[in-house]
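Colleague: With the hints as your guide, set chain H onto chain G.
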Amino acid sequence: MSVLVFAEISDGKFKKAAYEAVSYGRQVADLLGSKVTAVAIGQGADAAELGQYGAHTVKTLSVGEAFTADAYAAAVNGVANEVSATTVIISNTYTGKSLAPRLAQLMGASLASNVVSLPNTSQGFVVKRGVFSGKAFAFVDLNRTHKVLAITPNSFEIKTYGETASVENSAVTVASSGLTIDAVNKVTGKIPLTEAEVVISGGRGLKGPENWHLIEDLATALGAATACSKPVSDMDWRPHSEHVGQTGITIKPNLYVAVGISGAIQHLAGVSSSKVIVAINKDPEAPFFKAADYGIVGDAFEVLPQLIAAAKN
Amino acid sequence: MTGMKILACISVVPDTTTKITFTENNTQFNTAGVQYILNPYDELAVTRGLEIAEANGGSLTIVHVGRADAEPVIRKALSMGANEAIRIDADPVDAQQVAEEIAKIANGYDLILTGRESIDYNGGAVCGLLGAMLGIPSINVVTRIDYAAGKFTFDRDIDGGRETVTCAGPCVASAQKELCEPRIPNMRGIMAARTKPLQVLAAQSAGGYSQYASFELPAPKSGVKLIDPSEAGKLIDILRNEAKVI
Chain G
8 MSVLVFAEIS DGKFKKAAYE AVSYGRQVAD LLGSKVTAVA IGQGADAAEL GQYGAHTVKT
68 LSVGEAFTAD AYAAAVNGVA NEVSATTVII SNTYTGKSLA PRLAQLMGAS LASNVVSLPN
128 TSQGFVVKRG VFSGKAFAFV DLNRTHKVLA ITPNSFEIKT YGETASVENS AVTVASSGLT
188 IDAVNKVTGK IPLTEAEVVI SGGRGLKGPE NWHLIEDLAT ALGAATACSK PVSDMDWRPH
248 SEHVGQTGIT IKPNLYVAVG ISGAIQHLAG VSSSKVIVAI NKDPEAPFFK AADYGIVGDA
308 FEVLPQLIAA AKN
Chain H
0 MTGMKILACI SVVPDTTTKI TFTENNTQFN TAGVQYILNP YDELAVTRGL EIAEANGGSL
60 TIVHVGRADA EPVIRKALSM GANEAIRIDA DPVDAQQVAE EIAKIANGYD LILTGRESID
120 YNGGAVCGLL GAMLGIPSIN VVTRIDYAAG KFTFDRDIDG GRETVTCAGP CVASAQKELC
180 EPRIPNMRGI MAARTKPLQV LAAQSAGGYS QYASFELPAP KSGVKLIDPS EAGKLIDILR
240 NEAKVI
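Protein chains in written order, with our numbering: chain G, 8 to 320; chain H, 0 to 245.
It is worth saying that the hints were derived from the structure and are not from the lab. Heads up, a few of these hints could be off.
What the hints assert, rightly or not - 25 Å max Cα-Cα, derived BS3-like pairs, lysine-lysine: (1) G:K289 with H:K220; (2) H:K224 with G:K297; (3) H:K243 with G:K166; (4) G:K197 with H:K243; (5) H:K243 with H:K233; (6) G:K319 with H:K243; (7) H:K233 with G:K289; (8) G:K319 with H:K233; (9) G:K297 with H:K18; (10) H:K195 with H:K4; (11) H:K243 with G:K297; (12) G:K214 with G:K297; (13) H:K220 with G:K297; (14) G:K23 with H:K243; (15) H:K18 with G:K282; (16) G:K20 with G:K197; (17) G:K282 with H:K220; (18) H:K224 with G:K319; (19) G:K319 with G:K197; (20) H:K224 with G:K289; (21) G:K297 with H:K233; (22) G:K282 with G:K166; (23) G:K166 with G:K20; (24) G:K282 with H:K243; (25) H:K233 with H:K220; (26) H:K224 with G:K282; (27) G:K282 with H:K233.
Predicted model, so just to flag it, every value in this text is computed and none were measured.
Chain G on its own, in the form it takes in the complex (with noise of 0.2 Å):
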């Protein structure tokens, strides 16, 4: 019996949301009274380091082949096997959650995806999770002896422990997926939303696309991701990725910034547990400001250069 953490590797380092979940699966080790692996498929990251967030061992693995869901899950599979881990912890990201459910179908294991809290063991096993879509949550029981938590990102403190984790390296080799990668793009030097603690979002009250950069030069000054509201996306004035919301993407920073959405409940829904929400709108009356920490009634257009101005400061 012990915890397995799958580390994510993005652009040969480990992503933060690998950290937090290797600190998850330490608390989690610690609940249960067993160890923490850790699994990072790759090449590049300092595997040790992830001993300063818990993990006791560290296996790396090269896998011949870029990622698939079938690929990585048999891989992780045979770590699990191996370490006889009844806990795998993996982050909710597009890879982890393409992942989850495969591995947990070759463990035999009980699944639950955005997953916000900490087991609770002192009846079964009971995870809190996040459901329709960020209105609600649920909490679960998770009857089989094998478990796959997929955590949510930005949703745990990342505790250091300031140990050495032993690393140990080894090729494996998978079966053929029947799945050609023919081309991978990736925005450079752009936040992930999913893992931004900040999100800088704008709807109708924008008025158009050319006044997007008002959006985007707040979210440059503090180093945060951009997004917009549904209406925003169905017209084109931005790309579906940025849609957040119930049939966009349901987010957690830990500030968002709404500015000209009035906060429609679809909308709400996919934005309500970040930490501290701002809403900036003219009229008085948007339901924005009942779901918002800090209000400002007014013009976008007057109030976003003055942000942009004092966030440069």
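Modeller: Same frame as chain G, now just chain H:
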């Protein structure tokens, strides 16, 4: 590919405007007054599946794991143009139970489509589970599906970007926004859907791998603190020094 067979898996979810509440001491979702709809991502899966089937002389089958009260929504999917539907009669508790039921009828399809996630339980797991159960590739969150020269081509969202993958099939993919515009059924489709075959099969799986114990609503905000628009810059100071989030 003549005779291409596509399977679209659908779920039935509360309308996006639904105010979510719970009953029985927060252990049951309150269904009173709730309107149910075809899950928005599944609507995209059905639409794009139909477009590909129609272009290649194929057919599209709808499958739903759920109770009889889902049948109006299944008929809606038929009215969009699907050839036939299967309802597996169960009250599933989790994605694993849904996937096990679908896997039992999913052999022989060239392409299986799901939504990226259902907007009620947001598990996003059926695509990957089906792939693993059937031993075929699973491609999550696809924004493009094309079929040419014996291969499916997908664009899929990845962390911080997008990738293009090809697969001869069979494979399973989950639909993301941008895949297509959802098809609105026309009157002819609605009439035709009434008599299209809707087969009901008994459930076979032993049950789920998890159990929902209770629910909780997010804590309400304590009240908004307003900042004068003429001194908007002060907000940055507050976020830095009071809220400590930047």
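Colleague: Sort out whether H:K220 lies within 25 Å of G:K289, counting only the CA atoms.
Modeller: holds, 21 Å
Colleague: Next pair to validate is H:K224 with G:K282; report whether the Cα-Cα distance is within 25 Å.
Modeller: holds, 15 Å
Colleague: For the pair supplied as a hint, G:K297 and H:K18, confirm whether the alpha-carbon distance does not exceed 25 Å.
Modeller: holds, 15 Å
Colleague: Take the C-alpha atoms of G:K166 and G:K20, compute the straight-line distance between them, and say whether it is at most 25 Å.
Modeller: Answer holds: G:K166 to G:K20 is near 19 Å, not above 25 Å.
Colleague: Check whether the Cα positions of H:K243 and H:K233 lie no farther apart than 25 Å.
Modeller: holds, 14 Å
Colleague: Next pair to validate is H:K233 with H:K220; report whether the Cα-Cα distance is within 25 Å.
Modeller: Given that 25 Å is the threshold and the Cα spacing comes to 21 Å, the pair holds.
Colleague: For a C-alpha distance cap of 25 Å, please report whether H:K224 and G:K289 respect it.
Modeller: Holds - the C-alpha atoms of G:K289 and H:K224 are around 15 Å apart, at most 25 Å.
Colleague: Can you confirm whether the C-alpha distance between H:K224 and G:K297 stays at or below 25 Å?
Modeller: holds, 10 Å
Colleague: Please work out if G:K282 and G:K166 have their alpha carbons no farther apart than 25 Å.
Modeller: holds, 19 Å
Colleague: G:K319 and H:K243: Cα distance at most 25 Å?
Modeller: holds, 17 Å
Colleague: Is H:K233 close enough to G:K289, meaning Cα to Cα at most 25 Å?
Modeller: holds, 18 Å
Colleague: Please verify whether G:K282 and H:K233 have alpha carbons no more than 25 Å apart.
Modeller: holds, 19 Å
In summary, this structure violates none of the numbered hints.
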